[in-house]
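In order, the protein sequence lines correspond to chains A and B. Position one of the first sequence corresponds to residue 1 (the numbering used here), numbered consecutively onward. Position one of the second sequence corresponds to residue 1001 (the numbering used here), numbered consecutively onward.
Quick caveat, the hints were computed from the structure, so don't treat them as lab data. By construction, the Cβ of each residue, glycine as well, lies at the ideal position given by its N, Cα and C atoms.
With a straight-line Cα cutoff of 27 angstroms, these simulated BS3-like cross-link-like pairs (lysine-lysine) come out:
{"id": "1", "chain 1": "A", "residue 1": "Lys202", "chain 2": "A", "residue 2": "Lys106"}
{"id": "2", "chain 1": "A", "residue 1": "Lys91", "chain 2": "A", "residue 2": "Lys156"}
{"id": "3", "chain 1": "B", "residue 1": "Lys1117", "chain 2": "A", "residue 2": "Lys156"}
{"id": "4", "chain 1": "B", "residue 1": "Lys1193", "chain 2": "B", "residue 2": "Lys1082"}
{"id": "5", "chain 1": "A", "residue 1": "Lys202", "chain 2": "A", "residue 2": "Lys64"}
{"id": "6", "chain 1": "A", "residue 1": "Lys64", "chain 2": "A", "residue 2": "Lys106"}
{"id": "7", "chain 1": "B", "residue 1": "Lys1040", "chain 2": "B", "residue 2": "Lys1219"}
{"id": "8", "chain 1": "B", "residue 1": "Lys1040", "chain 2": "B", "residue 2": "Lys1251"}
{"id": "9", "chain 1": "A", "residue 1": "Lys151", "chain 2": "B", "residue 2": "Lys1117"}
{"id": "10", "chain 1": "A", "residue 1": "Lys151", "chain 2": "B", "residue 2": "Lys1082"}
{"id": "11", "chain 1": "B", "residue 1": "Lys1078", "chain 2": "B", "residue 2": "Lys1040"}
{"id": "12", "chain 1": "B", "residue 1": "Lys1114", "chain 2": "B", "residue 2": "Lys1078"}
{"id": "13", "chain 1": "A", "residue 1": "Lys156", "chain 2": "B", "residue 2": "Lys1078"}
{"id": "14", "chain 1": "A", "residue 1": "Lys168", "chain 2": "A", "residue 2": "Lys151"}
{"id": "15", "chain 1": "A", "residue 1": "Lys168", "chain 2": "B", "residue 2": "Lys1117"}
{"id": "16", "chain 1": "A", "residue 1": "Lys168", "chain 2": "A", "residue 2": "Lys91"}
{"id": "17", "chain 1": "A", "residue 1": "Lys156", "chain 2": "B", "residue 2": "Lys1139"}
{"id": "18", "chain 1": "A", "residue 1": "Lys156", "chain 2": "B", "residue 2": "Lys1040"}
{"id": "19", "chain 1": "B", "residue 1": "Lys1082", "chain 2": "A", "residue 2": "Lys168"}
{"id": "20", "chain 1": "B", "residue 1": "Lys1139", "chain 2": "A", "residue 2": "Lys151"}
{"id": "21", "chain 1": "B", "residue 1": "Lys1193", "chain 2": "B", "residue 2": "Lys1078"}
{"id": "22", "chain 1": "B", "residue 1": "Lys1082", "chain 2": "A", "residue 2": "Lys156"}
{"id": "23", "chain 1": "B", "residue 1": "Lys1193", "chain 2": "A", "residue 2": "Lys156"}
{"id": "24", "chain 1": "B", "residue 1": "Lys1040", "chain 2": "B", "residue 2": "Lys1082"}
{"id": "25", "chain 1": "A", "residue 1": "Lys91", "chain 2": "A", "residue 2": "Lys151"}
{"id": "26", "chain 1": "B", "residue 1": "Lys1114", "chain 2": "A", "residue 2": "Lys156"}
{"id": "27", "chain 1": "B", "residue 1": "Lys1139", "chain 2": "A", "residue 2": "Lys168"}
{"id": "28", "chain 1": "A", "residue 1": "Lys216", "chain 2": "A", "residue 2": "Lys202"}
{"id": "29", "chain 1": "A", "residue 1": "Lys168", "chain 2": "A", "residue 2": "Lys156"}
{"id": "30", "chain 1": "B", "residue 1": "Lys1117", "chain 2": "B", "residue 2": "Lys1139"}
{"id": "31", "chain 1": "B", "residue 1": "Lys1114", "chain 2": "A", "residue 2": "Lys168"}
{"id": "32", "chain 1": "A", "residue 1": "Lys151", "chain 2": "B", "residue 2": "Lys1114"}
{"id": "33", "chain 1": "B", "residue 1": "Lys1219", "chain 2": "B", "residue 2": "Lys1251"}
{"id": "34", "chain 1": "B", "residue 1": "Lys1252", "chain 2": "B", "residue 2": "Lys1219"}
Derived coverage of chain B by chain A (criterion: at least 3 residues anywhere in the stretch with Cβ under 8 angstroms from a Cβ of chain A; other residues may be distant):
{"id": "35", "region": "1080 to 1092"}
{"id": "36", "region": "1103 to 1111"}
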Amino acid sequence: MKLRATVRKAWEPALWFLGLLLIWEAAVRIFAIPGFILPAPSVFMLRIVQSAPQLAYHGMITTKLIIYGFVAGAVPGVALGYLIARYSICKQLLYPIVVFIQGLPKITLAPLMLVWFGFADFPKILLTGLITFFPVMVDSVAGFQSIDPRKYYLSKSTGASWLQTFLKIELPSAAPQIFSGLRISIVVAVTVVIVVEWLNSKTGLGYLVLRSMDGKDTSMIFATLVVGSLIGVFLSGLVQAIERALVPQGRH
Amino acid sequence: MDPQKNQGTGASIVARDITKIYGTGPDAFHALGPIDLDIKPGEFVSLIGPSGCGKSTTMLLVSGLEPISQGHVEIDGKPLTKPISEIGIVFQDHLLLDFRTAIQNVMLQQEIRKLDKADMRSRADALFEQLDLVGAEDKYPWQLSGGMRQRVSIARALVHDPSMLIMDEPFGALDAISRTQIRHDLEMLWLAKRKTVLFITHSIEEAVGLSDRVLVMSKSPGRIVEEISIDLPRPRPAHLGEYPEFAVYAKKIYTIFEKLGVYNF
Chain A
1 MKLRATVRKA WEPALWFLGL LLIWEAAVRI FAIPGFILPA PSVFMLRIVQ
51 SAPQLAYHGM ITTKLIIYGF VAGAVPGVAL GYLIARYSIC KQLLYPIVVF
101 IQGLPKITLA PLMLVWFGFA DFPKILLTGL ITFFPVMVDS VAGFQSIDPR
151 KYYLSKSTGA SWLQTFLKIE LPSAAPQIFS GLRISIVVAV TVVIVVEWLN
201 SKTGLGYLVL RSMDGKDTSM IFATLVVGSL IGVFLSGLVQ AIERALVPQG
251 RH
Chain B
1001 MDPQKNQGTG ASIVARDITK IYGTGPDAFH ALGPIDLDIK PGEFVSLIGP
1051 SGCGKSTTML LVSGLEPISQ GHVEIDGKPL TKPISEIGIV FQDHLLLDFR
1101 TAIQNVMLQQ EIRKLDKADM RSRADALFEQ LDLVGAEDKY PWQLSGGMRQ
1151 RVSIARALVH DPSMLIMDEP FGALDAISRT QIRHDLEMLW LAKRKTVLFI
1201 THSIEEAVGL SDRVLVMSKS PGRIVEEISI DLPRPRPAHL GEYPEFAVYA
1251 KKIYTIFEKL GVYNF
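Based on the provided sequences and hints, a complete structural model is requested.
In structure tokens form, the structure reads like this:
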């Protein structure tokens, strides 16, 4: 019974997805939609197979940037979230700046990054970090603030050092909220990296999309988007797997 | 059985004129004192009084968890200057860490204090045995009943063999039946180890049922208005009414509460 339920849970969405692709395929054929406007799934799927080495090469570069950018945003996000939640002086000093930067449409900083830092990876990682930083920071503040203040009495009564309190009480207490920020950020990071690659790259999926657009190669755009979306699904699955491994299920 | 005869390994607590004022200027709130305390090593002392009388504040001051506004405290003859770690605390709501299993919550003491793991684990197992927690070791707090959570919390407060145990309404959130049982289990543990216990409660039955001495407090500002020595044999029964003296002690506390205006019948 349980096995059947699990199989159904996995197969039902897959079948539904396959059905949608079939409808798409049929629609393109029946209405004879030109390939440069909307390619049939069979066409861009074949394209993925044909261009596999190229897609893999650029996909790896994009994935690397996503991970670097995500880490560059998440680590300071948790750290700053902790400082703002725990020390009122940090809150007073940092919060106005944070609110201002949060209001800024950060993707528009991309040309500025280009001017300052050129075409290397650094400006892309920096911008991705800047954007993924906010969801993580906001949720970290909420997570660290929601710790029952009496847990600090407990920690003092054990003679815990600052580091022990942080690692054994504060960080794991705030973990569910921190992970909800991380789950949002990883998906955002995929988009940001691809967009930034439009602007200043000779590599990566964003570059591939742009080059395909110039060549009116719509099926390659679709093939690239499928790869991008697979990377996004994989990375957010990875974040959720880490969460399941670290945070006991059933809390709250 | 006279508890004074059995000198324990507990700490002595001496407090002189301790006062707690929260805030400053016109917003200052005089929460407690000045009060004096003289608690002998291994003594079981309850603080009882209406809400807001500074019972919890007293507990935080004598353990160094909150700074004292005036006065001073000595633990085992040494002036208190920072939070003492030779201590176990139990709060009304268990305060277990919900990302740790029951045994991991208890072993937090071992991890932070860097004590011997095997030794502490066997101490934890013994406490789980005594507190009727066998089988709950690998359960998370949310998988345990309220009574069991509080038992785990007591095990966590005792596993490192502190000289002093402070308990802030530890049974306040439990149903009457669990409360009577856990009261007895706590008494048996205390009889075996003779740690100094400072026990905060709203319940006259708990105070009389457990203590060597009950300190009755009044509110705003919190002061100790009466001190009652409880001379009843131990271990004390589930039904305290078996002792005619119980009614006398209870009556005494009720009378003080009535005088203080705690009750208005």
